[in-house]
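A.B. asks: First to last, the sequence lines map onto chains A and B. Just so we're aligned, residue 1 is where the first sequence starts under my numbering, counting upward by one. Just so we're aligned, residue 1 is where the second sequence starts under my numbering, counting upward by one.
Calculated from the structure, these hints are not laboratory results. Note that CB positions come from ideal geometry on N, CA and C, so glycine has one too.
Covered, in the sense of this in silico footprint (three residues per stretch, anywhere, with C-beta under 8 Å from a C-beta of chain B), are these stretches of chain A:
(1) 4 to 18
(2) 241 to 248
(3) 270 to 279
Once the Cα atoms are required to be at most 30 Å apart in a straight line, the calculated BS3-like pairs of lysine-lysine come out as:
(4) K234(B) <-> K378(B)
(5) K221(A) <-> K378(B)
(6) K320(A) <-> K265(B)
(7) K218(A) <-> K378(B)
(8) K145(B) <-> K109(B)
(9) K166(B) <-> K109(B)
(10) K109(B) <-> K140(B)
(11) K333(A) <-> K265(B)
(12) K221(A) <-> K25(A)
(13) K180(B) <-> K234(B)
(14) K166(B) <-> K182(B)
(15) K180(B) <-> K218(A)
(16) K140(B) <-> K180(B)
(17) K140(B) <-> K378(B)
(18) K25(A) <-> K218(A)
Next come the chains, spelled out residue by residue.
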Amino acid sequence: MDFGLTDDQREIQRTARDLLAERAKPERVRAYAESAHMDAELWSELCELGWPGIAISEEHGGQGLGMIELSILCEELGRSLAPVPYLPSIMAASVIEHGGSPEQQARWLPGLASGETIGALGAAVDGVADLVIGGADAQLIVLVEDDGSARVISSDEADVSPLASIDPTRSAAQVSAGDGGELLADGCAGLGRALVAVSSELVGVCDRALAMTVEYVKDRKQFGVPVGAYQAVSHRCAQMLLETEKARSTAAFAAWTADADAGQLAEAAAMAKACASDAGREVTASAIQAHGGIGFTWEADIHWLYKRAQLDAALLGDAKRHRARIAAILAEKAGAATAA
Amino acid sequence: MDLTFSPQEIAFRDELRAWLAQNPPAPEPTEGGEDAHYGWRRDWQRRLYDAGWAAPAWPAEYGGRGATLTESAIYFEEIGRARVPMAANVLGLLLGGPTLMVWGTPEQKERYLAPILSGEEIWCQGFSEPDAGSDLASLKTRAVKDGDDWVVTGQKVWTSGAQYAKWCMLVARTDGEVAKHKGLTYFLMDMEQDAVQVRPLRQITGEAEFNELFIEEARIPDANVVGGVGNGWKVALTTLMNERAGLGFALQIRLRQLLDDLIGKALERGVYENYAGELAELHVRCESIRLLAWKGLTDIERYGQPGPEGSLVKWLWSDTNQRLTQLAVDVVGPDALTSGTRWSYELLRARGNTIEGGTTEVLKNIVAERVLGLPRLKVAV
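Make the full structure from the sequences, and use the hints.
C.D. replies: Next comes the structure, spelled out in structure tokens:
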């Protein structure tokens, strides 16, 4: 049993982290967030590097790599909060690739792989999605319903009303499909991967929140000592690490099942999203608290992590909803066990 | 990343599983109290020993199978899964033996390892004292050289199995002049002397897993010093590190079984929907513990050192067991509050989980200081 990444995967991780550390510095992220625009230059660069297509099959213009590689990129983008529509677009692509008919895949995936087409994915009720992350930037929007169906609609055909969410590092919109768009052959098939992607992004967000907090509490002195020396603060940080590592290990496991043991993906993805949603909310809130007064300021940048975590935690079902799914799976297994 | 077992590991697991299935222990005694129960565990160890399954992690030269870390983890998972008792000499097998393998002289290994494995000589641990729990290094039990012997006086607490033990892993102060960590020595003390009195320590569940030791001028031959005079702290750390490693995998499976039983109970009583969310959360925690434990092994195998997972696993496991046993009161009903039942025992016993083997407060300190690199506050008293 080996939880480690391969050398190639570690290379992807390293270059992604270095690139974003250079091209998505906090000042730059803040500037784009405050202007509520995406960083088109960075998006272009990521497209040139093949990021949007990393897990799309080579047949459709992607790199043909797996969920683990995709998760690595999602985590790094979460860590940096880069203001680009990466997550929305690859989620749309996942659902189309694994749930679309061959014809649907051939029609939509190449554009999504190259990044020429920006995608988005949102949960809808009777064709209306109240908040689609990336909805205002997308050309192609996937709406998933509770009944397991999914529909793809172009931004031209849909009724797209941009709205300002609390996380301006990505656009948002209310999207109404009416009777338009096209049903995917299988609406559910790619959802597990979409859940793993957002869970991985949340791991990156939590990791960054913890790193910023540790740095701050080592530095900030009160009563003559760094505040991180006080157990109330250090124990809070330890709790943040525990939550982050829980989320990290369940997300990693889920990514692995997507590539190696698909039968476990549904349950693993629900576990990952439940852990990551809770971790995202708690760790970023804790980070604000540990920063004291500064944590509550616009300037200190912690709030961007909190806001991103809030949007991601609610995306495609909060922790409670996923635990309800898990509970259903457990009851089924228990029933099967007693029947056997 | 590969979360499957190798063919060799699967073979190891299957061999053990088959043996356990074909060789169940005798039924747990319902009469005869603690002595009968201990005898049952001793017989079980003898059977494991005869089949070569008492301590697979021990090197072959000492009677083990030279099992890898992964195989060792599999061993504890299977022992847990089969719901068989812990071997009677669990402390000797998991702590004493491995400590001697690192720090013992060839003569000591020759003399002590085989009887640990067979269960002929039971071992106990004499570390904590009434005034030295989390601050173990401040311990006061004193050992003074007298000819070829050391004369020991002091008190130990939380010594499990002491009433059946032949040997005690005793840490005592041999030098009161130096810094507290540096004046300690690790001894093997013969429990069968009048100078060592064992008094059971009754716990909140009603019975006494643990004991107090009252040591009044006990004698320990110089040959029973382990790791050299004054080196006791380092030797003790080896023992404590082993405490965390092996048992964890069995405990985690026990937790899983408890949860499966609780889910079954909820369904049986028709209250599953009321507690579905909490049960699912416990399931997520159980699986996280398992993943973190296995991830921890990867770190040891790749880097020779445990990563953050070591402290995190024990912390998460103890907290989860407390939540689970508390939820059981709601799910199971009055049976869980009735003395002598399984669920009431688990509820009460779980209170000790966040204290034994490193309190949660200390584990958080370890994570904060050693993993996150936060400074430690020195309080002027």
